[in-house]
Structures are given as C-alpha cells and as structure tokens.
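The two chains are supplied separately, each in an independent frame; assemble them into the complex guided by the hints.
Chains A and B, in that order, are what the protein sequence lines are. Start counting the first sequence at 1; every next residue gets the next number (my numbering). Start counting the second sequence at 1001; every next residue gets the next number (my numbering).
No lab work stands behind these hints, which were simulated from the structure alone. Warning: the hint list may mix true and false statements.
To be verified - Non-contacting residues of chain A with respect to chain B, defined by C-beta distances greater than 10 Å in every case (computed):
#: 1; residue: I62
#: 2; residue: I82
#: 3; residue: Q95
#: 4; residue: N159
#: 5; residue: N164
#: 6; residue: L166
Claimed, not checked - Okay, derived cross-link-like pairs now, EDC-like style, lysine to aspartate or glutamate, Cα gap no bigger than 20 Å in a straight line:
#: 7; chain 1: A; residue 1: K179; chain 2: B; residue 2: D1423
#: 8; chain 1: A; residue 1: K179; chain 2: B; residue 2: E1106
#: 9; chain 1: B; residue 1: K1452; chain 2: B; residue 2: D1423
#: 10; chain 1: B; residue 1: K1027; chain 2: A; residue 2: E36
Cβ atoms here follow ideal geometry from the backbone N, Cα and C, with glycine treated the same way.
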Amino acid sequence: MSSNKMMMALLIAGILMTSCKTMKTIPDSYNFTVKESRGNPYGCWTVLNINSLQNGLVHDTIAGEFVCMDADTIYLLVGDRIVRPIYSGSVLNAQLYTHKNQAGTYFTITSLFLVPNLIGSVVVAGEFAGDILLLGIPMAVVGITHIIIESSAHRNILNYPGKNILDEFKMFARFPAGKPSNIDLNQLMLKPRGK
Amino acid sequence: MKKNNASILLFLLIIILAGCSGTQLIKSSMSPEMLKNPINKNEIIKIHLKDGGLYVLNKWMITNSSDTIFGIGQLYNYKREQISEISNDFTTKYEQVNSFSIPESEIALVETNKIMNHLGNLTALSIMGVPTALVTIYCVTNPKACFGSCPTFYALKNGKWALMAEGFSSSIAPSFEKKDIDMLYWADDVRDEMSLKLTNEALETHVIRYVDLLAFPESGGEKVFATEKGQFYRTSRIVSPVSCVAEEGDCLSQIKEMDRYERFCGADPKNLSRKEEILLTFNNEGQSDLGLLMGSKQTLLTTHLFYQVMAYMGNYYGSIVSEVENGNSQLENRIQKLWDKLGGIEIFIQKDNKKWVKIDEIDEMGPIASDIHLIKLPSIHQKKINIKLRLTKGLWRIDYLALARLTGEETPFRIKPDLVLKDDSIDNEALERLVKGDNPLITLPGDKYELKYKLPSDCTFQFFLETKGYYLEWMREQWLEEENLKKAAFALYFPGLFMKKAAPEYKKAEPFMEKIFWESRYVKQ
Chain A
1 MSSNKMMMAL LIAGILMTSC KTMKTIPDSY NFTVKESRGN PYGCWTVLNI
51 NSLQNGLVHD TIAGEFVCMD ADTIYLLVGD RIVRPIYSGS VLNAQLYTHK
101 NQAGTYFTIT SLFLVPNLIG SVVVAGEFAG DILLLGIPMA VVGITHIIIE
151 SSAHRNILNY PGKNILDEFK MFARFPAGKP SNIDLNQLML KPRGK
Chain B
1001 MKKNNASILL FLLIIILAGC SGTQLIKSSM SPEMLKNPIN KNEIIKIHLK
1051 DGGLYVLNKW MITNSSDTIF GIGQLYNYKR EQISEISNDF TTKYEQVNSF
1101 SIPESEIALV ETNKIMNHLG NLTALSIMGV PTALVTIYCV TNPKACFGSC
1151 PTFYALKNGK WALMAEGFSS SIAPSFEKKD IDMLYWADDV RDEMSLKLTN
1201 EALETHVIRY VDLLAFPESG GEKVFATEKG QFYRTSRIVS PVSCVAEEGD
1251 CLSQIKEMDR YERFCGADPK NLSRKEEILL TFNNEGQSDL GLLMGSKQTL
1301 LTTHLFYQVM AYMGNYYGSI VSEVENGNSQ LENRIQKLWD KLGGIEIFIQ
1351 KDNKKWVKID EIDEMGPIAS DIHLIKLPSI HQKKINIKLR LTKGLWRIDY
1401 LALARLTGEE TPFRIKPDLV LKDDSIDNEA LERLVKGDNP LITLPGDKYE
1451 LKYKLPSDCT FQFFLETKGY YLEWMREQWL EEENLKKAAF ALYFPGLFMK
1501 KAAPEYKKAE PFMEKIFWES RYVKQ
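In isolation and in its complexed conformation, chain B is listed as follows (with noise of 0.2 Å):
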C-alpha cells in the first residue's frame, strides 16, 4: 500500500478510535422542579416514590404552573410488581385520563439513566464496517476490478516517498517488449545521489531490463520535457490557457496545475470507445518554436479491458500469448487492434485556413502515475491558438495542458544504478542484472528494491526515468470460469462490436473501480 494511503488509513484509525470507550451507565437524580426544564424530554425517567413505589415512564410532561407530573409507562409496587401500565400515544393534552398523574408530594426522588459511549462506539464499528464488508463483497465478486498495478516507482517528494512513475505499461509480454520514458515532475533537488524505489505491487512477473536515470543540469528554471519518440528540449516561458472546454463545459481548473487534480468524465454506456473532445486556446505570443505540455495517465478501463479479455483466453492465455512470441504477427495485429480501437490523445492544431490538422497522438499506457509530454507544434501565425484533443471518453485523465517555448533540444546525461538494495541489504545480482540488460532483473508481487545512483558533479538535476522491459500478467483462478473462446475470438476479430457489448458491465463497475483500485494494490507484507 501507497504509504500516503496508509497515513490515511492511520489517521482514520485514529478518528474512529479516539472516542473508543467503555459502556457506562450514568445514573442522576433530580427534584421534580428541575423536570421543568429538562435537558431531554425524551429521556427515561423513574420516578421514586415516598412508598417505595416506582414509575418508569418513557414520556412525560410538567407545565411551569403545574406540580404534578404527567406521563405514561410502567407503576410498580415496592415489591416491583407491576401494578399498572399506560401506553397510549401521549398527547400536550396532558390533563387527560389516559395518563399516570404523579403530584409532587407523593415523589421521593427523580432518576434518569444515560448510557455513555455505546452509541459511539456502534458507529465507530458501522463506519470501519459497512464500507469493508462492501468493498470486500464487491472485490470477491468482481476480482477484475482488484489487485492490478505495472511496475511502479517511488522517489522523494518532500523528503517522503511518493510514487512517480510507472514503466513499460503496454509491454504485456517479450514481443511487447519496449522502453519507457517518464518525467520525474515531482522528485526533489538532490545533489550526489538520488534514491529511487521499485516495487510489483500487482500480481505479475516484472521483466527489467534497465532502470537508467536521464539526468539534465537544471539551469534558471527553465524545464526540459520529452517528446512521445525521446527528444528532449529545453523550454521556457510556459503560459496556461486563456479557455479550455469539455463537453460537461469549462475546464480550465482541472488542467492549469500539475496537481492530480485533473479532468476525466465517465466512459459511454453504449459504447467503450467513444470519442469526445477538448478545445483548448492560447494567446498567441508571436514566438516561434512551441511546444503543447500534455500531464495525463489512463483510467482502468484498458486495464479492465485487458483483464476481461485474458478472462475469456483463460487457460489458453498462455499458448496464445505463445503463438504471438512465436512470430504469429497476425495474432499480434489483432491484439494491436484491440488497443488501437481505444487509442490514445489526438492533439489537432486549427490551422490558418481554420482546418483542423492532426499533428501527434499521446498512447503511453497506464492508470498509475501521470506523464509530462512534450507535443511540437507547427508555427501559427493567427493571434490565438486553437488545438483540439481527441480521446475515448472515459479512458484518460488529463492534469495538465500549458504551451511552452522551446528553447533547443537537449541530450541527457544516463547514469545507470550505483547500488541496488532489496531488503535493507545490498543486493550485487540485481545490480548487475540492471546494469548489463543481457540478463534481465525479474520481480514477482510484493518485490521491493531500492535503487541509489551517484550524480556526475555537484549542481542540481532534473531527472527522467528510462525504462525497458516488459510483465507477464498472472492468470487468475476465478477469471478460468469466464473462459469463453468465443467471446475471446469476438473481442480479437470485432474489437468495434466487443466494444459496445462490453460496456454495460464496464459502467456497473466504473463508479468504484479506481477507489478500490488504490485500495488493493498487493504490497508484500
């Protein structure tokens, strides 16, 4: 578990325990002047009598002017037999006959009884309760909605560790197999050595070729930002939008700041691979030489997608994803397809004859962490710029859209791990796995390494992660009751149809997925 989660957990914990306390029985007494004016009329009251008789009544009543006390329940004797019981709806019509009458004179004393805490701590135990037990019977029930991550990587924020990056998410076995590359947007300023942490937290097998650091000297505050095909470029003067609309309206808020506050609607209930579409516009500044900075991550619905289908191979899983090692490109293709019918971001620029031109598309893969990229424009010459993002709605999260001057491409410096530690203690074969490539690093769930590299010189860095690799996903044992070859061939050959006929079951689960997403990534204890 993410350990900002786990604070949060703690700190839940800690609210819900905090007002944690024994039963008690609070018994007090009061003369019947101070019945007038009670803290709660609706308190139990006993009332005992000179005679040792006693009236237990559940509602009663005394005016100001009045010295008896009104109300219905229960008479005893001393003996406590029940001598008589009242139980009609009480009325203000306090002087009727459906009622006991109990004059002052005849009182010895006026007991309430409260019992402390129990209230409390039963909502403690409903708060803690009802959302587990739902949680529980939701995952048990639809464990595709459960237990999925790519492998994930932490490095200091603040001097804590906060996650960062994922790596080669699309890279779902050898064929598939490719390099990634992530900004570390958020990692702090170190000088000599920075840290990193790798982690399974899926149930997967993680394939790591190298996990190799792209460092840039940082230089006046001006930011470098990577392309979809790694280049880099240096850039300054970075501007927000003047507007930003969606179909739900102004968006401008969610994507200012690279903040994971971010933009996202629902997926389509009829159809999965929906399109929609985000106008953004910027003062054209007269520069030359721009660049559109898009932060964004995937929701889970490619994950569900991916799960479903895997669900329906079922024990086939295995010599399919063989047939396609083997060289069955066709199979390839079609799996290939399948993503493709979902797609990635296509960033159109309104040109100056008003035609919309599509200049890149943004497909890195993903529901963890977002990714800075870098998109070059074309040179405009109308005094704003018009750009349009096209993606299937419900499939991507979009924290950040800003145009940024480019002021030259750069080259990193790739410093590769220094030390490796894999349980507090140093670990040379993970190490040299890491640094070689030849003889990849495997990780299986709960994994966790530290990777610490040294820094060239003693100045302040902005850094990139490169990754290369790729993870086999574990087949799990409930997903072989959907086995269906069928509806497996469907998805593959009709990827448009499935779809459609995948949607409904995918908008049942969307409202929870991502919450219990978070909530079940699988952490070695």
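Extracted from the complex, chain A is given alone in its bound form (with noise of 0.2 Å):
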C-alpha cells in the first residue's frame, strides 16, 4: 500500500472511531435532534446519582423527564403517571442531555463529501489513486476537527457538579417557571416514541 493511500486509510479510520463516541443510554424519543429542540414541549432526560439516605450509605441513580424545579426538590418523570420528587441536596451528580450530539450527522456529511475521492481512487483513477485520495486529506481534517470537537465538547450535557449549577437545570425543565398551581402531577406521561 502507498504512503498516500495509507495516511487516507489513517484519515478513514479516525473518522470512523471518533464516531464510535459512548454515550449514556437515554430513551430514543428524549433524544432530541436540533430542529425538534427548539419547538419540544417536553422536558430533557435527566440521570441523578443521590445519596439516598442522607448518610452517605447508599447510592442511588433516578433517569427520567426533568418536570420542574422548586426550592429544594428537583421532580423527575421516571415512568408513566410516576413522579419521583428529589430533595436537591441529596443530589450527588447529575447529566441533563439537551440535545442530539451531532457528531454522526457530521461523520455523514464528511463521508458524503469524501464519496467521490474514495469511488474516484477505486473504481477510476488507476495510478492516481493516491493522488485522488490525497485531493481529500482538507476536507477529511476539517471533518474529523469537527467530529472530535462535537463528540468531546458535550455541550449537549448540563453537567452539575462540573461545569453547571442545578439552578441551570431549571430552564431545561417541563415547567421552567416552577410547579404549576392545581396540577396533579402523577397525571404526566412520558414522550410516546416516536412522537
């Protein structure tokens, strides 16, 4: 194998590994993309690992839909018509996911692009192979740049205690001006699939 066709080889598999990114499971419906973010009436998926008795025991991890937020308790959906309340203070950590990390939207964008050098280098272009896969090399740094940048930033994480406060977490919420009046919570229902 060339040099060339080697580092274009390097550039592929970097792109494909930066978008092997792990990421915690959150339900498929609370995964918002970026056009759905803006207009969801929903609130975000949320994982809060509390200290459970108060004493530093016992550990507990609640996920579920971040209803609202008063003074001291957090209210977390966790299942239809199930609303857990949480006393903030108990509240170790906690990830509150906005949106859709779009590190895969730009691995398909980058992989789009790159289509014609990786047919070009194959198919047509003979003892140009390498030179065609090398025309490539810009547009592959500049997409795994981005890959890396989008799948590392995680600004699509609140994340208390590191880079936020809970207070943040509020505006993330299904009632971000705090619990409704005359309301019965336990009515709630998660986001349906697909919805």
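Written out as structure tokens, the structure reads:
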C-alpha cells in the first residue's frame, strides 16, 4: 500500500473511530434532534445520582424527564404517571441531555463529501489513486476536527457539579417556571416513541 | 505541494476550524414586556402558562399598546397533549381569529431557544466539502488536467523556498534533449554558498545531465539578461512601455512589473492556434544597443494537447517514441510541426518605413515558472519605438515587458554543484552524476534533492540556471481508454485541423485547469 493510500486509510479509520463515541443510554424519544429541540414541549432527560439515605451509605441513580424544580426539590418523571420528587441537597451528580450529539451528522456529511475521492481512487483513477485520495485530505481534516470537537466537548449535556449548577437545569424542565398550581403531577406521561 | 500553497491551505483550515465548536442549546426566559422589543421576531418561542399549558409559537406578535400575544403554532395542556394547532399564514392583522390570543395575565414564563454553532459547523464543512468534491470529480473525469509538471527548481526568496524555474520542458524524449537557461530572477543575494531544490512533481521520469549555476558578479544594480541563443548582456536604464494594447484594451498595468500579475486571455473557442497581437510603444531616448525584456511562461494549453495526443497514441506511445529515437526524422518533424502550429511569441518592430519586421521568436515551453528573455533590437531612429507581439491566443502568460540599454556582453562563471542532499543525507552518487554528466541523474515522481554550490569569492552574484536533459511522461492507465491511432495520425498529419477539432473540449476545461494543476502537483509525502 502506498503512503498516500495508507494516510487516507488512517484518516478514514480516524473518522470511523471518532464516530464510535459512547453515550449513556437515553430513550430515543428524548434524544431530540437540533430542529426538534427548539419547539419540543417536553422537559429534557436527566440522570441523577443521589445519596438516598442522607448518610452517605447508599447511592441511587434515577433517570427521567425533568419536570420542574422548586426551592429544594427536583421532580423527575420516571415513568408514565410516576413522578419522583428528589431532595436537591441529596444530588451527588447530575447530567441533563439537551439534544442529540451532532458528531454522527458531521460524520455523514464528511463521508458524503469524500465519496468522490473514495470511488475515484478505487474505480476510475488507476495509478492516480493516491493523488485522488490526497485531494480529500483537507476535507477529512476539517471533518475529523468537527467530529472530535462535537464528540468531546459534550456541549449537549449539562453536568452538575462539573460545569453547571443545578439552578441552570431549571430552564430545561417541562415547567421551567416551577410547579403549576392545581395540577396533578401523577397524571403526566412520558413522551411517546416516535412522536 | 508548493510551500506557499501549503501555507494558504493551512491558513484556510485555521480560519475554517476557528469557529468550530460543539453545538449548544441556549434557553432564555423573558417577560412578555421584553417581547415588545425582541432581538429576533422569527425565533420560535414557548409560552408557559400558569396552569401548566404551553404554546409553541412559530410566528407571533405583540404591540406596544397591547397586553396580549398573538401567534400561530401549537397549544398543549400540562400533560402535553396537543389541544389545538393553528398553522395558517399569519398576517399583520393580529386581531383576526386565525391566531392564538394569549393574555399576559395567563403567562408564567416566555422561553426562547437558540442552537449555537450548528449552522456555522455545517457551513464550514460545506465550504471545504463542495470544492473538494467538485475538484475530485473533475480530476477523475478529466485526469489530463491534473498531475502534470516538469523538472522544477526552487531557490530561497526572502529566506523561504520559492519556485524559480523549470528545466527543459520541451525535451519530451532523448532525441529532444537540450539545454535550458533560466534566470533566477527572485533569488536572494547570497555569499559563499547558493542552495537550490530540485524536485520531480509529476508522473514523469526526469533524466538530468547537469544543473549548473551561471553567475555574474553584481555591479551597481545593473542586471544581466540572456537571449534565446544563450548570450548574456549587462543592461542599464530599464524603462517601461508608455502603452500596451491588446484586444481587450489597455494592459499596461499587467506587464509593468515582474510580479506574477500576468496578462493572458482565453484560447479561441473554435481554433486553438488562432493568433492575437499585443502592441507596445516605448519612448526612444536615442540610445543605441537596446533590448526588449520579456517575462513569460505558457498556460496549460500545450500540456493539455500533449497529454491528449499521448492518450490517442495509447499503448503505441512507447513504440512511437522509439521510432523517433531510432532516427525516424519524418515522425520527429511531424511532432515538431504539431508544436509549431501553436508557435512561440513572435516579436516584430516597426521600421522607419512603417513596415513591421520580425526580429525574433521566443518559444521556451513550460507552464510552471516565468523566465525573462532578452531580445536584441535593431537601431531605430523614430521618436517612438513600436513593437508588436504575435502569439497564439490562450497560450502565453506575459508578466513583464520593458526596454533596456545593453552595456556589453558578459561571460558567466559556471559553477557545478559541490554537495547534493537527498532527504537530508549526502548523496555522492547523485553529485557525481550531475558533475560528470555522462551518466545522468534519474529522478522519479516525488524525488527531492537539495543542491549546494560554492561561490567563488566574497561578493554577491546574479544567477542563471543552466540545465540539460529530457523527461519521459508516464502513460496513465485511464488514458489508454482513449487510444485512437486515427486521431493521433490526424493530429500529426493535419495539425491545423486538429487545433480546431480539439478546441471545444479544451474550452470546457480551460477555466479550471490552472487552479486544478497547481493544487494537484505530485510531491511524495
């Protein structure tokens, strides 16, 4: 394999590897697309790690839609008609997912723009294969950089106590102004799949 | 890739990547009062009601006098069941029934959402991706426009390696071997040692018999220039023309300085060998022994036609070249006539009797580096010196035209390389081949050498490069698909008609050819 081909193969491998990012499992219906996130009527998916006995002996992880937050309580919708109030002082750490990470989108776009280079090098270009691949390197560099930054910056996740305070989570709740009066929280439903 | 190109590419990458940042959803809350002076009225807003309901409004409005928001979109109850939706076109008549009316008193909070960086990232990917895909598709479908060059030389200019010259571009086979002299116009003044980089950036085999420096001691700013016949003259008092007119009009600004700002035009769409004329006028200051200085290089027209004829010859290209090498002078003449059809730059001077007389022709081939040629002029007694250049349209890029007074013929110091480095290691075998000349240096695509020359004494010099050799263009696999001996014969036997027949295809490629050529030169990584 020529050095040109090897370099391109490495770049492609790099692109593939960066797209293999790990992400904590959240329900598909709460992994909002960029377009969806602007008009979505639901709260964002949140994972709380709490000290459930208040004495530091037992830790618990609770995940659900962020419903609302008042002075000392966070309300998570963990299932249909099941809302769990959690004392905010017991939260050890929390992650809130605002929208879908776009690394996959950037991977797809980069790959599409590199299709002519790949096809050209394999099918048509003969001994130009290496050169045709080389033409794609600037695009591959830009694409990989975007994918890496999108994957590693985690700007789609609010993180307590790392980069955010709990109060900043409030705006991503179903009821950001706080719990409305005269409603029964136990009537709430999770966002259905595919809606 | 040329170092400058690499720097530009790096700069572009930095610009593109500078704005690259992870996508972020920014949510803000505002009061209904703040909506009266919103930053962006097209923004989607969410209006949270005190009873837990929610309006998601795609379009909305509020007036300064009103305490009600009007809008279209969706209304949800606290369980997020959609209660109603209004998606009519929203008009300025906000009182109309086809919109939600939301009294301020029912509102708990107004929320805006903004996605940061996503659009910028998509734009950056597109800015890089679209040209990459287009250039690649073009190169794949028309590879003769890409990946070509000739023996290439770099010297230091302002302390950085810069492209200076190309060697024996017309020497496409052993029988066409010849020497070539190029002025190293932009090279830095150096003492004691001069360095050159020699590269093979094409799919070609370069056979280089020698690469000698021709040095002239600097003398009070007087420059030495070379004629096509290899004579050198020291000059003084260089003046620009008072007018330069081509078919597009005034072109004086393009040819006043040797600055790579060149005068050129497109080839004729019906006949690639059609000629054009450029008229120059100089003031005659009554001096004798004048010479015209012309800095020029070719466009990629010759390269394109050469590759096209090679493609037509296909598998027979090797045997046709062998025929020429074995003394088939008729075939050699046919090839020569094909190139003669394009021709060089003919120089005419208007004599005292107003008749134009041809005095010389510059036909140095090669699209990479401009070279300056000196054309000796006969004595003229008119107040104005009128010169006419006749050249094939779209074949030449003219960078510089000036008149110089010749102060005397000069003989250069010839300097052979003293040290040759390949990949930063001393290469004594390459040195021996370049110095002795009987066993030439052979370079392959991607090869790079650095040649060092010891200068004779403690003074500065002006340099020329004298090279001798030839090169063998490699047949490309996909060119073989175009093999057509009838077309090859047509090109060789009817060059005039061939220039007409080949014009439409060349015109299609012409606008992109230069850009793609410079972006696609082959350098071993």
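Okay, the hints, checked on the actual structure:
{"no.": "1", "hint": "I62", "verdict": "holds, 21 Å"}
{"no.": "2", "hint": "I82", "verdict": "holds, 14 Å"}
{"no.": "3", "hint": "Q95", "verdict": "holds, 14 Å"}
{"no.": "4", "hint": "N159", "verdict": "holds, 13 Å"}
{"no.": "5", "hint": "N164", "verdict": "holds, 12 Å"}
{"no.": "6", "hint": "L166", "verdict": "holds, 15 Å"}
{"no.": "7", "hint": "K179(A) / D1423(B)", "verdict": "violated, 72 Å"}
{"no.": "8", "hint": "K179(A) / E1106(B)", "verdict": "holds, 15 Å"}
{"no.": "9", "hint": "K1452(B) / D1423(B)", "verdict": "holds, 14 Å"}
{"no.": "10", "hint": "K1027(B) / E36(A)", "verdict": "holds, 14 Å"}
Violation of the numbered hints given earlier is confined to hint 7; every other hint is satisfied by the structure.
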